[in-house]
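Given the coordinates of chain Y, assemble chain W onto it according to the supplied hints.
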Amino acid sequence: MSTLHTVNKSPFQNQTLISCLGHAKAGDSVLMIEDGVYGAMSGNAMSEVVAGLGANIKLFVLGADVAARGIDAGRVAEGVTSVNYEEFVGMAASCDRVQNWL
Amino acid sequence: MSDVKKFLYVNRKAPYGTIYAQEALEVVLIGAAFDQDVAMAFLDDGVFQLTKGQDTKEAGLKNFSPTFRALGDYEVTKLYVEQESLDERGLTLDDLQDIQYEDEDDDYEEKPSIIVVSRAAMADVMADQDVVLSF
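For the record, the sequence lines run as chains Y and W.
Taking our numbering, the leading residue of the first sequence gets 1, the next gets one more, and so forth.
Taking our numbering, the leading residue of the second sequence gets 1001, the next gets one more, and so forth.
FYI, nobody ran anything at the bench for these hints, they're computed from the structure.
Computed beta-carbon distance windows for the label pairs:
1. T1092(W) - Q15(Y): 17 to 25 Å
2. V49(Y) - D1035(W): 40 to 48 Å
3. T1056(W) - E86(Y): 41 to 49 Å
Even glycine gets a Cβ: it sits at the ideal position worked out from N, Cα and C.
Looking at chain Y on its own, in the form it has when it is part of the complex (with noise of 0.2 Å):
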């Protein structure tokens, strides 16, 4: 039994991703989408914040949206897994349930 959560608002923007990682479960999925993949970045000062909450969550950005803001894909947080469009597909109809954090 798993979730997918998804979350498409900057970390920087509002509490939406501390409240998603607040109340995953160990093993849940938490994909970064739109604004959201901005909490999936390395080198900032949500990073460890992210990193510490999503220890034992699986982690994932849209590798579309952070190209499409101009990230580096360098830049995408190590433990963090960039994933296209029909991996998202493949994701949601795999778990148990959707969340989607708005």
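Coordinates of chain W only, in the frame set by chain Y:
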């Protein structure tokens, strides 16, 4: 055997700054017609939706907070409220509306709809659903 699924409506936004809270109530009331197992969750700024004494006259807004007290008539009787979210905002259960439902399985006794849960328990509630809809 039935096709009843567990639906959770997650509320994380304060009531009047955006339309989310009001829209969530609309959807819950519509969804209640489909005889599913419906619950609502209130966390983060969503706990502000349940405060008592909301007076929107001067602001010129529709006060939809009384609607929460009608949910029991639609068999929406589980309103999970996160303790940590209350604490962070300096709120206690006393600051929230007294929302009750009549338990038809218990001689229509009036029982509280609000269930205060810890963040960890809220995570368990979320993980126990068939469908999670966020507002």
